[in-house]
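S.K.: Protein chains in written order, with the working numbering: chain A, 2 to 281; chain B, 374 to 639.
Bear in mind the hints are in silico, worked out from the structure with no lab data behind them. Heads up, a few of these hints could be off.
To be verified - Selected chain B positions facing chain A (Cβ under 7 Å, derived; list incomplete):
hint, residue
1, Pro491
2, Asn495
3, Tyr496
4, Leu499
As the list claims (entries may be wrong) - The following label-pair restraints were derived from C-beta to C-beta distances:
hint, chain 1, residue 1, chain 2, residue 2, range
5, A, Ala144, B, Phe377, 42 to 50 Å
6, B, His527, A, Gly39, 39 to 47 Å
7, A, Pro157, B, Pro620, 18 to 26 Å
8, A, Lys195, B, Val480, 37 to 45 Å
9, B, Asn469, A, Asp268, 56 to 64 Å
10, B, Asn511, A, Val253, 21 to 29 Å
11, B, His527, A, Ser156, 17 to 25 Å
12, A, Asn281, B, Gly528, 57 to 65 Å
13, B, Val480, A, Ser56, 55 to 63 Å
14, A, Gly45, B, Arg457, 55 to 63 Å
15, A, Arg52, B, His527, 54 to 62 Å
16, B, Phe377, A, Glu104, 48 to 56 Å
17, A, Ala144, B, Lys610, 23 to 31 Å
18, B, Gln526, A, Gly39, 43 to 51 Å
Because the structure is a prediction, the values reported are computed rather than measured. All C-beta atoms in this analysis are idealised placements derived from N, C-alpha and C, irrespective of residue type, glycine included.
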Amino acid sequence: MKIYFFRTKNQPIMSWCEGVKGVLLDVTGVLYNSGPTGGAAIEGSIDAIQRLKTSHIPFKLCSNESTETRANFAAKLTKHGFNITSDDIVCPVPAMVDLLKQENLRPHLLVHPDVLPEFASISTENPNCVVMGDCNTHFTYSAMNAAFNTLLSMSPKDRKLYSMGGGKYYKDGDDLVLDVGAYAKALEYACDCKMVVCGKPNKLFYDQAIRLLGVNIEDCVMIGDDIISDVGGAQALGMKGVQVRTGKYRAVFDEPHSEITPDGYVDNLAEAVDLLLSNN
Amino acid sequence: MGRFVPKCVLIDLSGTVHIENSIVAGAARAIDRIRKSGISFRFVTNSSKESVASLFTRLVGLGVNLSPGDLFTSLTATKQYVLRRKCRPMLFLEENAQQDFKDVSVVDPNSVVIGLAPSMFNYEKLTEAFNCLKNAENAELIAINKSRYLQRQHGLVLGGGAFVAALEYSTGLTATVVGKPSRKFFEQSIADFEGVVVEDCIMIGDDVQDDVAGAQAIGMKGILVQTGKYRPGDETKINPAPYLTLPSLVDAIDHVIELHSNGCET
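Input sequences plus hints: build the corresponding full structure.
M.R.: Shown next, in the form of C-alpha cells:
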C-alpha cells in the first residue's frame, strides 16, 4: 500500500516546526515592544510563553541587552506579566563571562556599572583584553582613554577587544542613540585591531545558548523580528530562522527580503507556539 | 639617477616642535637655522583643539620665532572647505577652536565638523552629532583630521579620528578628511612657494601615518622623529619605510640643511 502525504493549502512545503527540539526567542519585538514608559507586551505573547513553559520543548530568550543584569531584565519582563526567570535568559554578559573563564582572560571592563556585579568572579588585575558593553551615559572620554591605553599597552598582535553586541544605534524611547558598536569601532581604529562581537549574530553566543538548551543546532529554531541578525544569523549557523510579523518587522522590506529567506513567517509569537505545539 | 636638493621643508608642530606647553629641546634654535638657510618652510599642523590665533600666541610664548604666515593649519583649510561647500555645520569643536568659524552659519545644521574636542567626546554629544547626520539630507561628516591618538603630558589619549570612525560606522557615511594625510592639504601647504613641487619637499613629523606615510604617498620625503607620540617600532609600520628616522627635529633640520648644501644621489 502506498502512503501519500497531503498538505493543506496553508502549510508550507516543509514546515519549519517539524522536528524542532529547542527554541530561541528574541525578546524586544517578539515578547514586548520597548517604549518610553517601559513598553508593552505583544498580544498573545504572555500566554504563548506560558504554554511553551509547560510543554516539553526547551527554550531560551536570546537578547543583546548589556546594560542590565539578567535578574533585572527578568524582573522587567515579569512586570509585563511574563512568567520568566533569569535562567530563561541568555545575554551577552554571562556568555562573555564564560568565554573569559575558558580563555583565562583578565578583562579591562568598559561596561555599564549595573552589570559589573556579573563579572565579580573574574580577575581584572593586569588585564590582557578589553571587554565593552553598552554603557550609554557612562561612555566618557576618560573611560574610553583608559580602555584605549590598556589595548595599546599590548603588543599589536595580542590586542583583544570584545564587544557585547556590535550594534550601530538603537531606539531609546523616541530617540536614536549610538550603540556599543560605534565605541568599539573607535578603539578598533585607534589601536589597529579587530573587535570580536560577543552577542547575536555571533557564533560563540548562539553556541552558548544552544549548549544550555542541550539540543543539536540543526534541531533548533530562532524566532525573531530582526531578519538579518536573528533570522539570517541563526540560519548561517545551521538553525532554522523564523520571522515574526511584529516589532521592527516591515512588510515592504522583510517579506520577501532581498537576501534572506526565513524558514517561515508567523504573525506573532502566539502563532509560532501554536504551530510548534501542534506539530510536536 | 639624479640629485635631490630639498627646496622646501614642512614641519609638524605638536609632538615635533612642542608637546603641549613644553618645547622639544633645541627646537627653537633649529627653526632659526632653517630660517637663515633660505630653504622655504612651513609649519603644517592638524591641530584642531584651539583657534589659529591662540595656537600662534602659545608657540611664540614657548620661544618659537615665527610669523602667522608660517602656519598652515587644518582648521583654516576646513573653514575654507566649509565656506566653499556652503555647509551649515554642527561644530564638534572646543569653544576656543569654534572662534575660527565665527562667520560660518551653523543654524539648522546639515553637516558635522569634528576635531579634537575632549570635552565633547561623550555619549550625549556623539549622539547629538549622530542624529544631526542621520536627519539631514545629503549630510556630510567633515573631519579636520583623522588622528588616532596623541601625546599629552600624562600619556596617550584618543584623537578625534577614533570618534570619526565611530560616527562613520553608525551613520554609514565616509568622512571627508581635510588635514594630513590628505593630498590636497599637503599641496595647499606649498602652494605659496613658487616653483616648488611635491618632489622638492621633506616633511618632518612624529606621526608615522599622517605625517610620513601621507607625505611619501604624494611624492615628498618623510622624516620620522622619535619624539611626541613616536613609539619604538613605528618606523616599521609603513611601506615604503620612512626616508629617515631621527631622534628629534634638531637632527632632522641638520640633515635637511646638509642636503640643501650638498644634495644627495637619488
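S.K.: For every hint, state whether the structure bears it out.
M.R.: Results for each hint:
With a least beta-carbon distance of about 5 Å to chain A, the hint placing proline 491 of chain B at the interface is held under the 7 Å criterion. Because the closest C-beta pair between asparagine 495 of chain B and chain A is about 5 Å apart, less than 7 Å, the hint holds. Evaluation of the tyrosine 496 of chain B hint against chain A yields a held restraint, the C-beta minimum of about 4 Å falling below 7 Å. The interface hint given for leucine 499 of chain B holds, since its Cβ lies 6 Å from the closest Cβ of chain A, which is under the 7 Å cut-off.
Range check, alanine 144 of chain A to phenylalanine 377 of chain B: about 48 Å between beta-carbon atoms, so the 42 to 50 Å window is met. For the hinted restraint 39 to 47 Å between histidine 527 of chain B and glycine 39 of chain A, the CB-CB distance of approximately 43 Å keeps it satisfied. Distance hint check: the CB atoms of proline 157 of chain A and proline 620 of chain B are about 23 Å apart, consistent with the given range 18 to 26 Å. In this structure, lysine 195 of chain A and valine 480 of chain B meet the distance hint of 37 to 45 Å, their C-beta atoms being roughly 40 Å apart.
Range check, asparagine 469 of chain B to aspartate 268 of chain A: Cβ separation about 58 Å, and the 56 to 64 Å hint holds. Under the hint 21 to 29 Å, the C-beta atoms of asparagine 511 of chain B and valine 253 of chain A, about 24 Å apart, fit the expected range. The supplied range of 17 to 25 Å is met by histidine 527 of chain B and serine 156 of chain A, whose beta-carbon atoms lie about 23 Å from each other. Checked against the given bound of 57 to 65 Å, the beta carbons of asparagine 281 of chain A and glycine 528 of chain B, roughly 60 Å apart, stay inside it.
Separated by about 60 Å at the C-beta atoms, valine 480 of chain B and serine 56 of chain A satisfy the suggested range of 55 to 63 Å. Here the CB-CB span from glycine 45 of chain A to arginine 457 of chain B is close to 58 Å, well matched to the stated 55 to 63 Å. Taking the beta carbon of each, arginine 52 of chain A and histidine 527 of chain B are about 60 Å apart, inside 54 to 62 Å as hinted. A beta carbon spacing of about 52 Å between phenylalanine 377 of chain B and glutamate 104 of chain A agrees with the range 48 to 56 Å that was offered as a hint.
For the hinted restraint 23 to 31 Å between alanine 144 of chain A and lysine 610 of chain B, the CB-CB distance of approximately 27 Å keeps it satisfied. Checked against the given bound of 43 to 51 Å, the beta carbons of glutamine 526 of chain B and glycine 39 of chain A, roughly 46 Å apart, stay inside it.
The structure shown violates none of the earlier numbered hints.
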